[in-house]
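K.L.:
As a plain string of letters, each chain reads:
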Amino acid sequence: MSACDDYGAMVPLFLDDELRRFEAEDFRKHIASCAGCRQLLVEEQVLSQLLRHTRPLY
Amino acid sequence: MSSNEHAKQESTAGIEHIDGLYGYAFVLTQNRTVVEDLVQETTFAQFERWGDCGMIALHVFIDQAKSPFIRLHINALRCFVPLSDFVQPDVAENREQPALHIESHDAYVGKLERRQVRAAIQQLPEEAREVILLREWEELSYREIATVLDCPVGTVMSRLARARSKLRDFLLPNNYPSGEKAEATE
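Chains as they are written, first to last, in this note's numbering: chain A, 2 to 59; chain B, 5 to 190.
What the hints contain is simulated information worked out from the structure, not anything from laboratory work. By construction, the Cβ of each residue, glycine as well, lies at the ideal position given by its N, Cα and C atoms. Please note: incorrect hints may appear among the correct ones.
[What the hints assert, rightly or not] Derived Cβ-Cβ restraints for the label pairs, each shown as a range:
| id | chain 1 | residue 1 | chain 2 | residue 2 | range |
| --- | --- | --- | --- | --- | --- |
| 1 | A | Asp6 | B | Arg119 | 17 to 23 Å |
| 2 | A | Ala33 | B | Glu142 | 29 to 35 Å |
| 3 | B | Glu143 | A | Arg39 | 23 to 29 Å |
| 4 | A | Arg56 | B | Pro129 | 18 to 24 Å |
| 5 | B | Thr151 | A | Val47 | 26 to 32 Å |
| 6 | B | Glu40 | A | Glu44 | 36 to 42 Å |
| 7 | B | Glu40 | A | Ser34 | 53 to 59 Å |
Between the sequences and the hints, there should be enough to build the whole structure, so can you do that?
P.N.:
As structure tokens, then:
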């Protein structure tokens with residue numbers, strides 16, 4: 002498994018705020034230098050925002 | 005404040021929560037009959053759990069306001085709600101718009117988006133639907149979801165990955181294909 006596979010698997014955990022602090026920092030460093038993983042992060046964010054946008058208000 | 009005033013204030017707060025439950029259940033199901041059953045079941049279960057004493061039950065009901073919402077949510081997801089009912093647009097949305105009424109593009113896209121997303125969510129298997137809504141709508145942590153669903157955190161993570169993978173396929177088909185990354189196994 003390549004490094005990008007590992008970081009790709011971390012994308013949802015990062016967005017869900019489920020990474021430990023040092024893991025999140027490591028992830029941010031990788032994202033800053035990897036366009037592929039950055040794109041993955043953006044796409045996951047789009048999906049998450051789409052879902053939250055349709056949340057019913059109560 | 006007298007004890008009577010205090011009790012009255014608590015009762016009012018309890019009623020407000022019940023109103024909230026009705027509203028939320030209706031958004032989820034779009035079906036008044038189902039809403040009645042869900043709210044009754046939810047509030048009953050909540051009160052039963054904490055004993056017969058009405059005031060104590062009310063205290064707990066108010067303190068744990070989030071809890072009945074979650075319970076209701078899961079009840080709603082588990083009960084049989086036909087797709088047509090779940091994604092049924094608001095009556096107002098179905099009405100013919102007057103000729104001179106020009107709906108903003110954003111509002112139109114918003115309605116369309118809402119229908120598509122809810123239809124996509126409805127197509128998910130029940131387990132995937134539960135976790136994605138508890139995460140994206142209720143904003144629970146993985147650990148909280150695991151507690152609510154009584155399953156390991158790892159199971160929550162794998163169900164979420166599968167749910168997101170399917171939703172990407174439904175809603176964002178032009179983006180990257182769902183590969184092995186998102187297909188974590190339990």
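K.L.:
Now tell me, hint by hint, if it's right for this structure.
P.N.:
Hint by hint, here is what the structure shows:
1. Asp6(A) - Arg119(B): 17 to 23 Å: Since the Cβ atoms of aspartate 6(A) and arginine 119(B) sit about 35 Å apart, the hinted range of 17 to 23 Å is violated.
2. Ala33(A) - Glu142(B): 29 to 35 Å: holds, 32 Å
3. Glu143(B) - Arg39(A): 23 to 29 Å: This hint holds: roughly 24 Å between Cβ atoms.
4. Arg56(A) - Pro129(B): 18 to 24 Å: holds, 20 Å
5. Thr151(B) - Val47(A): 26 to 32 Å: 29 Å Cβ-Cβ, so the 26 to 32 Å window holds.
6. Glu40(B) - Glu44(A): 36 to 42 Å: Given range 36 to 42 Å: holds, Cβ gap about 41 Å.
7. Glu40(B) - Ser34(A): 53 to 59 Å: 56 Å Cβ-Cβ, so the 53 to 59 Å window holds.
In this structure, only the earlier hint numbered 1 is contradicted, and the remaining ones agree with it.
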